[in-house]
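From first to last, the protein sequence lines are chains A and B.
Using the UniProt record's numbering, count along the first sequence one by one with no gaps and you end on 95.
Using the UniProt record's numbering, count along the second sequence one by one with no gaps and you end on 493.
No lab work stands behind these hints: they were computed from the structure.
All of these numbers come straight from a predicted model, not from anything done at the bench.
Please note that the accuracy of each hint is not assured.
One side of the interface only, derived from the structure: several residues of chain B facing chain A at Cβ under 10 Å [to be verified]:
id	residue
1	Gly198
2	Val297
3	Ile299
4	Asp327
5	Arg381
6	Val486
With a Cα cut of at most 20 Å, we get these calculated PhoX-like pairs of lysine-lysine [stated by the list, open to error]:
id	chain 1	residue 1	chain 2	residue 2
7	B	Lys488	B	Lys93
8	B	Lys18	B	Lys8
9	B	Lys259	B	Lys238
10	B	Lys453	B	Lys8
11	B	Lys145	B	Lys6
12	B	Lys336	B	Lys295
13	B	Lys46	B	Lys63
14	B	Lys453	A	Lys75
15	B	Lys349	A	Lys10
16	B	Lys18	B	Lys63
17	B	Lys453	B	Lys488
18	B	Lys63	A	Lys92
19	A	Lys92	B	Lys491
20	B	Lys261	B	Lys238
21	B	Lys238	A	Lys61
In this text, a Cβ means the ideal position worked out from N, Cα and C, and glycines have one as well.
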Amino acid sequence: MSIDESTARKVAHLARIRVEEDELPALASEFNTILGFIEQLQEVDVDGVEPMVSVTPMRLKRREDVVTDGSQAAKVLSNAPDAREGFFAVPKVVE
Amino acid sequence: MSDLTKLKIAEARDALRKGDVTSLELTEACLGAIDAADALGAFVHKTPEIATERARAADDRIKSGDAPDLCGIPLGIKDLFCTEAVPSQAASKILTDFRPEYESTVSAKLRDAGAVMLGKLNMDEFAMGSSNETSTYGNAVNPWKVDDRSLTPGGSSGGSASAVAADLCLGATGTDTGGSIRQPAAFTGITGLKPTYGRCSRWGIIAFASSLDQAGPMAKDVRDTAILLSAMCGHDEKDSTSADLPVPDFEAALTGDIKGKTIGIPREYRMEGMPEEIEALWAEGRKMLEDAGAKVVDISLPHTKYALPTYYVIAPAEASSNLARYDGVRFGRRAKLDQGDGIVEMYEKTRAEGFGAEVKRRVMVGTYVLSAGFYDAYYNRARKVRTLIKRDFDEAFDQGVDAILTPTTPSAAFGLGEMTEADPVQMYLNDVFTVTVNLAGLPGISVPAGTDKQGLPLGLQLIGRPWEEADLLNTAYALEQAAGFVSKPTKWW
């Protein structure tokens, strides 16, 4: 499996990381090095093996489906780069 | 008392109780040492006011006669832990100015036990790295030196390792996703333990790869490691993967008696091209445990060679999901936008500016292995191989093995900048002996056991059965006593 520049461009966009056009060849080459390393996994016989879900055989805890937290809008917004009138502010998303 | 910062936690605890020293004196000595050690790049946010206030409170509590072991002990906290109102940036530019409104469970437990936070410690960005060279704060530097080169303290908990080895604090917190506590501990001649997955709450620790991340102690010896661990772990309902199990008194388990224990030596850890001195140290470790009365047996962990490639699918996959939250909306830094930029440009510019090269690389690799068409070939296959890696360990333990002895790292500390030209996979090889332990969710500890030809410290790793940190610490204690490693770096900073 070899990654070309157009795949690298697509992956960068899926990850929402801007990569300039002139950086794409180097990025694709790094991907190929890492994926080449990962490729060894194809030689392992995994027939009938369950993919690991949890490393410790424990059942996740359950709790009552009730509100246990909230009413902390000021604290929630305190680290926002742009907060206005009790909301997170972002560039216009709807025309 | 002279050289207060050189005290171990157990010694300081006893001195505090006898009234030979106060927490304020200890804390001021550490703050002085920290201010004189900027060249190490270990402490990246100093919190002298918090430290002084907590030290005074600890002195009152000790006088009242009801103080836990860590009361009044000055510690450093890795920057990955959210600490209330104190910058917590995971060494990333994208979290510039982030001051959490809450305290991580582990650092809150330490605070409630009376421990004194001296400040936040350097690390690789989002804990992704093995040399502390990916930090937005700049490199942390190893206090050990053999020539004019500056050496790496290892990573990702490089600041923690450097600070403990240089006696800037009595102990520190670290986190370990693929070796990030044990490798830096080995590179700096200190002790570091990664607990069983689920022992320490992950709540409030900035997430890297959630199925692998664990917090753990880094300290000057095995006893201090045990004392710190007891205070850090325990069930937390805010982390659904935290284990609802009693926490033993780990220090009480340190008898040094390992007669009748069975220690496994995995043949697959004998890597081609491994330096002779690592091989020799491993053989010595085997001999030390035998002399202490343990039975040493050769074992096989056949899927070892697939651990690193498995890790480099699973960890980036989880990271790409965890790091999706850094979008310039809720916290951290937003890129400056141009006229007409919409929300997608905001995301893409913010993440391009805010993440460093290694973090971007891993987020994108993770995105790729999870993308449609590749999910089965990479991600699901890696999860199956992970099952096999864990099964190897289960089988060894089923055969009666109590602990497994391996080298911690394939080399001693290397020079900062020496790996810059190498491809990323070369750096990943640092974790070849430690990463299996995270994939299998087991406890592992690195104990300083000797030096290489140049005089740099080397560590041996012991891997234990799940939840049996007490037994593991005792075996480590026996190894520590036999190895008798007491060297310290010569002060140059």
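Hint check results:
no. : hint                  : verdict
1   : Gly198                : holds, 5 Å
2   : Val297                : violated, 25 Å
3   : Ile299                : violated, 20 Å
4   : Asp327                : holds, 7 Å
5   : Arg381                : holds, 5 Å
6   : Val486                : violated, 36 Å
7   : B:Lys488 <-> B:Lys93  : violated, 33 Å
8   : B:Lys18 <-> B:Lys8    : holds, 15 Å
9   : B:Lys259 <-> B:Lys238 : violated, 40 Å
10  : B:Lys453 <-> B:Lys8   : violated, 28 Å
11  : B:Lys145 <-> B:Lys6   : holds, 19 Å
12  : B:Lys336 <-> B:Lys295 : violated, 63 Å
13  : B:Lys46 <-> B:Lys63   : violated, 27 Å
14  : B:Lys453 <-> A:Lys75  : violated, 54 Å
15  : B:Lys349 <-> A:Lys10  : holds, 16 Å
16  : B:Lys18 <-> B:Lys63   : holds, 10 Å
17  : B:Lys453 <-> B:Lys488 : holds, 16 Å
18  : B:Lys63 <-> A:Lys92   : violated, 60 Å
19  : A:Lys92 <-> B:Lys491  : violated, 56 Å
20  : B:Lys261 <-> B:Lys238 : violated, 37 Å
21  : B:Lys238 <-> A:Lys61  : holds, 10 Å
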